[in-house]
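A.B. asks: The residues making up each chain are set out below.
2 protein chains.
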Amino acid sequence: MRKLIAFLFITLALNGLAQERKYSTFYEQRASLFNLLPVSSDDIVFVGNSITNGGEWHELFEDKHIKNRGISGDISEGVYDRLESITKGKPKKIFLMIGTNDIAKNIPINTIAENIEKIILKIKEDSPETGIYMQSVLPVNPDFKMFSGHMKPDSIKSLNRRIEKLSHTYNTVYIDLYPEFLMQGTDKLSPGIPMTDFIFWVKDIYIGPRLYHLI
Amino acid sequence: MRKLIAFLFITLALNGLAQERKYSTFYEQRASLFNLLPVSSDDIVFVGNSITNGGEWHELFEDKHIKNRGISGDISEGVYDRLESITKGKPKKIFLMIGTNDIAKNIPINTIAENIEKIILKIKEDSPETGIYMQSVLPVNPDFKMFSGHMKPDSIKSLNRRIEKLSHTYNTVYIDLYPEFLMQGTDKLSPGIPMTDFIFWVKDIYIGPRLYHLI
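Going line by line, the protein sequences match chains A and B. Quick note: to get my numbering, add 157 to the position in the first sequence (first position is 1). Quick note: to get my numbering, add 157 to the position in the second sequence (first position is 1).
Treat the hints as calculated values from the structure; they're not laboratory data. Don't take every hint at face value.
What the hints assert, rightly or not - Capping the alpha-carbon separation at 25 angstroms, the derived lysine-lysine pairs in BS3-like fashion look like this:
#1 B:Lys221 <-> A:Lys245
#2 B:Lys247 <-> A:Lys221
#3 A:Lys322 <-> A:Lys345
#4 A:Lys281 <-> A:Lys245
#5 B:Lys275 <-> A:Lys221
#6 B:Lys250 <-> A:Lys221
#7 A:Lys249 <-> A:Lys221
#8 A:Lys250 <-> B:Lys221
#9 A:Lys275 <-> A:Lys262
#10 A:Lys249 <-> B:Lys221
#11 A:Lys314 <-> A:Lys345
#12 B:Lys245 <-> A:Lys221
#13 A:Lys281 <-> A:Lys322
#14 A:Lys247 <-> B:Lys221
#15 A:Lys221 <-> B:Lys221
#16 B:Lys314 <-> B:Lys275
#17 A:Lys314 <-> A:Lys262
Stated by the list, open to error - In silico negatives: residues of chain A with every beta carbon more than 10 angstroms from chain B:
#18 Ala270
#19 Lys281
#20 Lys309
#21 Pro310
#22 Pro336
#23 Ser347
Stated by the list, open to error - What the simulated footprint calls covered on chain A by chain B, stretch by stretch (three residues with Cβ under 8 angstroms from a Cβ of chain B suffice, anywhere in the stretch; the number is not a length):
#24 183-190
#25 221-227
No experiment lies behind these values; they were computed from the predicted model shown. By construction, the Cβ of each residue, glycine as well, lies at the ideal position given by its N, Cα and C atoms.
The shape of chain A in the complex, shown without the other chains (with noise of 0.2 angstroms):
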């Protein structure tokens, strides 16, 4: 009897464990790396997905302050979930690129908005002085063979129109860079600019002259 409590003492712990996971262990381990490591006044912090997560972003800028905190497959709620260990340090600036995963998953519209807006409130409300740099999903071309699943032009477009939105609301600046990065005519990205090379993500998105001013 006493083994059979057992049994079922560890089976339901183990149970209760699993299902305590929300998140990737990728996330957990990031999330919890991040909660580990200050950010300052003096920062100004990446959040995002893999995008985000991908670059050397302190390297290619080669400023310190520049903080990567992005977490591969990522999506909304995951952002508003960790976004203590951000605004704790009252960052200088945030910039945040989110969505696209959220999409993929079919997260609607609505849901995926309303979460962008609370991690707009929370920002605001533990760190005022931040400024808040809001940039749309970008597009997505399936001939590259991956990430298809994230191929909802129509998703995207509507979700940008919302961040847009979003971002007049609160007075947050708002980066569209999705029309920069289509294809001519199409929804797609632009094969110039494919998944496969993250030097033209980075540069193009981050250092390229429409935005380094922003740094």
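Given chain A, put chain B in place with the hints provided.
C.D. replies: Positioned in the frame of chain A, the structure of chain B alone reads:
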């Protein structure tokens, strides 16, 4: 006929492209970024797989000369193939931790050791002044319900003996992290250092008292 030729040409070209791709999209993205980012003789470069990739090392050490050249999922051959982008800058030190994904992919220990030897030889040839720090492969714990494919303790121990031998042969520093991370009396990663909590890795691997003086 012209259409058929065009079709065949495009099909063959696409096949050719597909066959040319040796590594994952993520590898290509990171490797192409690394080609763009400079490395200097003041730099300390951390080279490896996800264990390296996941950290924001320059923040942890508060040292802008620490460069992250990790690629999640990378193997010994992958490191060799992208080594030029690092050695051409003739960095001060290179810390290498590679091999656990090779083992998960059932690459023979002999092949992994040969690749690691090639890595050491290339560093020595391209940049003789670079300090080389070889790290052992870490234990794994399948109880964490992930990385169970990496749980081949005999292979890990065998590879570590080869890395240690290579380190002595080529007069590099060997850092034996393996025993530090074991659960006593087992071949498993200590549950005190779960894969789910990256902080512990970060702290104990690189900023713990055993290693800090190396930087």
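A.B. asks: Hints first: check each against the structure and report whether it holds.
C.D. replies: Now for the hints, and whether the structure bears them out:
1. B:Lys221 <-> A:Lys245: 23 angstroms, holds
2. B:Lys247 <-> A:Lys221: Judged against 25 angstroms, a Cα distance of about 22 angstroms means the pair holds.
3. A:Lys322 <-> A:Lys345: 23 angstroms, holds
4. A:Lys281 <-> A:Lys245: 12 angstroms, holds
5. B:Lys275 <-> A:Lys221: 33 angstroms, violated
6. B:Lys250 <-> A:Lys221: 20 angstroms, holds
7. A:Lys249 <-> A:Lys221: Measuring from Cα to Cα gives roughly 13 angstroms; hence the hint holds.
8. A:Lys250 <-> B:Lys221: This hinted pair holds, its Cα atoms lying about 20 angstroms apart.
9. A:Lys275 <-> A:Lys262: Since the Cα atoms of A:Lys275 and A:Lys262 sit roughly 20 angstroms apart, the hinted pair holds (cutoff 25 angstroms).
10. A:Lys249 <-> B:Lys221: 20 angstroms, holds
11. A:Lys314 <-> A:Lys345: 12 angstroms, holds
12. B:Lys245 <-> A:Lys221: With a Cα-Cα distance of about 23 angstroms, the restraint between B:Lys245 and A:Lys221 holds, given a limit of 25 angstroms.
13. A:Lys281 <-> A:Lys322: 17 angstroms, holds
14. A:Lys247 <-> B:Lys221: 22 angstroms, holds
15. A:Lys221 <-> B:Lys221: Holds, at about 6 angstroms.
16. B:Lys314 <-> B:Lys275: Between B:Lys314 and B:Lys275 the Cα gap is close to 20 angstroms, so the pair holds against 25 angstroms.
17. A:Lys314 <-> A:Lys262: 16 angstroms, holds
18. Ala270: Correct as stated: the minimum Cβ-Cβ distance to chain B is 29 angstroms, above 10 angstroms.
19. Lys281: Holds, because the least Cβ-Cβ distance between A:Lys281 and chain B comes to about 25 angstroms, which exceeds 10 angstroms.
20. Lys309: 20 angstroms, holds
21. Pro310: 21 angstroms, holds
22. Pro336: 23 angstroms, holds
23. Ser347: Correct as stated: the minimum Cβ-Cβ distance to chain B is 17 angstroms, above 10 angstroms.
24. 183-190: holds (count 6)
25. 221-227: holds (count 3)
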